[in-house]
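Q: The residues making up each chain are set out below.
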Amino acid sequence: MATMLTGPRVEPIEPFEPSQLDTDDILGIRAGVPFRLELLREFKVDTQLGTIWLGTWGLLSVAFFLAGGLVLFCAALDQTGGNLIDAIKYFANVQELPPDGLGWFHSPRTGGYWELNILCWAGAILAWAGRCYDRLRRHQWRPYLLYAWLAAISLTSAIWIWHPLLMGTWADAPGLGLNSDLDWAQNFSVLWGNFYYNPWHQLAIFFLFGSTMLWGMHGATILATGGEASHHEDAEIIDMHSGSHKSMLFWRWTMGFNANPKTIHDWLWWFGTGTVLASVIGILTTGTVTNDWYVWAVDHGTVAQYGAITRSAINQHPIAYPAIIPQTGEYVPAPAR
Amino acid sequence: MLEFEDAYRKPGNTLLGQLFGVDAFDFWVGRFYVGLFGVISAIAIVIGVGILFIAVGQYGDWDLVRANIPAPLREFGLGPAPFLHGGAWQAVVIFATISFVAWALREVEICKKLEMGYHVPAMYSLAISAWVVLQIIRPLWMGCWCEGFDLSYSGHLTWVSNTGFRYMNFYLNPFHAYAVLGFFLTAMVLAMHGSAILGTYHTDKDPNVEMLREDNFWRDYIGYSIGEYGIHRLGFYLAFYTLIMSDLCILTSGTLVSDWVKFWHPF
Amino acid sequence: MRQFLLGAVVIFATPLALGGVVQPLVTKAQAPIVAPVDAQMTMGRPAPAPHQTYGPVDQSAPLDFSTQPKSVPHTYVAGQLYNVQALKGLNYGQVVGQMGLYTQALGVGCAYCHNVQNFAYDTPTKKIARTMIVMSAQVTSTWITPVKHDYSNYAVSGEVGCVTCHRGVAAPAVVNNIVPVQYLDWPAKSTKQAGYVVNSMYAVATSLGVNCIFCHNSADFVSLQYIPTNQIAHRMWRMVDDINHKYLPPNVAAVTCYTCHNGNKWPSALVTSPYDQTPVDAVAAHPEVHLNPAAHLAPGGE
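Residue numbers (the working numbering), protein chains in the order written: chain A, 1 to 337; chain B, 1 to 267; chain C, 1 to 302.
A couple of the hints might just be wrong.
Result set (DSS-like, lysine-lysine): computed pairs, CA atoms no more than 30 Å apart in a straight line [what the hints assert, rightly or not]:
1. B:K112 with B:K205
2. C:K265 with C:K88
3. C:K265 with C:K148
4. B:K112 with A:K89
5. C:K148 with C:K70
6. A:K262 with B:K10
7. A:K89 with A:K262
8. C:K88 with C:K70
9. B:K262 with C:K189
10. B:K262 with C:K265
11. B:K262 with A:K44
12. C:K246 with C:K70
13. C:K189 with C:K127
14. C:K70 with C:K127
15. A:K89 with B:K205
16. A:K262 with B:K262
17. C:K127 with C:K246
18. B:K112 with A:K44
19. C:K246 with C:K265
20. C:K246 with C:K189
21. C:K148 with C:K189
Hints were generated in silico from the structure; no laboratory data involved.
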């Protein structure tokens, strides 16, 4: 630890050209000794581990992340009665549930943990975006990665912040915890009329499965032509060689269409980011455009209807009371309590 | 034709050519390569789509959203079903599977012609495996063809929803969780790789400098740069992992486990 | 090729080891469920703590006839009927016969409800028993018979008797994990709220040994107009609410689906009638009653 932060500046194996953006950062240091892990050569990936840039943004992000983790750990201990072994064993069951309604400063067990954790991790995500912007500028990349990260942030904030604000209650946001997050996915869909029928969700799934398909296609294509250096994609964009020729011809002959070494990455980027952007719209239209996606889909002709829809169910009528017995038509009021 | 294509359009290197020395299907139609498996695939597609249209006509509902080819009813078990009660479904599934497998083999032939590795048909076969698991292997294991999904837009969507709830909370299926992790990682890594290339191409006359900039950025950002070849291995194996987990998640539901909530506290 | 296989093994083994195999072995006991602070999870009744028992009768307590009905004799004579209210119309032999069935169904002796010096003397347990006798007849006629009539393809032989809930013990086994009916308001006021309802639904499903699709088409969960099992479930829910509010003594745990159904689609301990509590083997009578006829309407339904 001491050498990392206070030791002499170690040169990485490949030289970085100097940059004002590096020296301007007060917490900026290129930390770590570049370490060669030869095992990775078996997997044909790069063997150098490190260095890493510890900048102000990065350290801020890590600090926020650890703070949030500490809150989660406290909640875990709280929920297992201070028993450390149980806290680790039942880690998946730890749940920080959001409070009902809006407002801050709830007591820990009725939503306080959740609020504090959210604030910490929101800070972490935003600081990481700052780090992304800083490093992209320093290395003079076009900011595609930043846009992708901002899209991801927009989805996370839509789920945890904007949608609950629109609905007027934090309780519509996921809790923090493995099982409670998974349960939220189920419950959110059940509450809002089954998310499979949300057209933005459908589009997002198309992009998600498409992303995996594209990785299968692109990864396989490059690996198949790797002997001809098709993986030197920057070089191939400037001047194509046989590897790229074969990649393009394979797809042209198979499906009649091909990209080129540059445009395939457009496809990749848009599918990856499209997943997130479509999801954002799907979340923000829930509860605002409609509160039952199945009914919406039937009304807009995107799904077959399986029997009659109980539209009254979405008009605040409790289903157990009062109810109409279909066969007799008799109206049964609630018994006096 | 692309400018360089002529040099690559060479006859030979096909299965029929190797078996019999002559291949009648070794030609291109426009930009599409035909080949024996292209013919088989095309025939299977035509027959399958034809059966599809006949069935929709017999069911009577041509509405694009409501038209549906339902899976056989439970009472027919693993046997053949009458055309309107699942037979159409069985026929379409058979021809679709034939066309998918023929497509994969056609891709193998194209790889051989271009002297490439077989990674693409390997990955495609894994994708076909998802279809085969869902429509053939799992119904066989469960003991009836009714377990396959209906062939239609609404039908398959509702099938997915109902199948999930049939096993209580499908999110708690560990293979499903790993598959979802795989999907999300794939999307993220895809965006990262796309950003890397789109961020650095044509920024310098020397592509080696561009590659260095890529490495340096990733080392600064996350402490590791997997490399130009490595990223494609990562993507390929992420897709591979995701598909394997998906196959497993549906294969174990209903057969080995029928309540994924109870799975986590079985005693 | 070797690294491919090595990679495949690693990819396979890691998730299996971490998730699919080890975790269920580790979580042998039910993991501690954190109770939501704002929901009483016992069908509208306060959670009992400690469980109130109403028997057996303290035989040494002095008899106080000023609190008793006029028909209770100061000197009990065996062979005669006194103070018969719920079993009016039965002769002595029949009443004693009923008593025998009750002791079997609840796994108790006479002294649990009666003062054995004076069988006519009203004890707290005897009063509860009267409510129970009336309840089993009324539940059958109000709720069960109409269901059998309206949904004859789901009907099984047998009716509700003491053993249906009590199953050989005085205090029926309970599973308190269903939210009260007022929390079943739909749509729920938040996703968190919806979670409580979904948990209740899971409890109902496991109490009956079925899955969600037995009563629901997940495309449209709340619609009940074309799914008979869902309609029956609505009536059952109102029945359970009715029982919990009208017939149960104070400070006992609530009745839930599990009390009668015990993990089966139909109650596992039915009797021929509330007055002839001979057990009925419902399964043998209707072995085919296990499919949800609405399944073909819902792709992916069982």
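Q: So which of those numbered hints doesn't the model satisfy?
A: 1, 2, 4, 5, 7, 11, 13, 15, 16, 21
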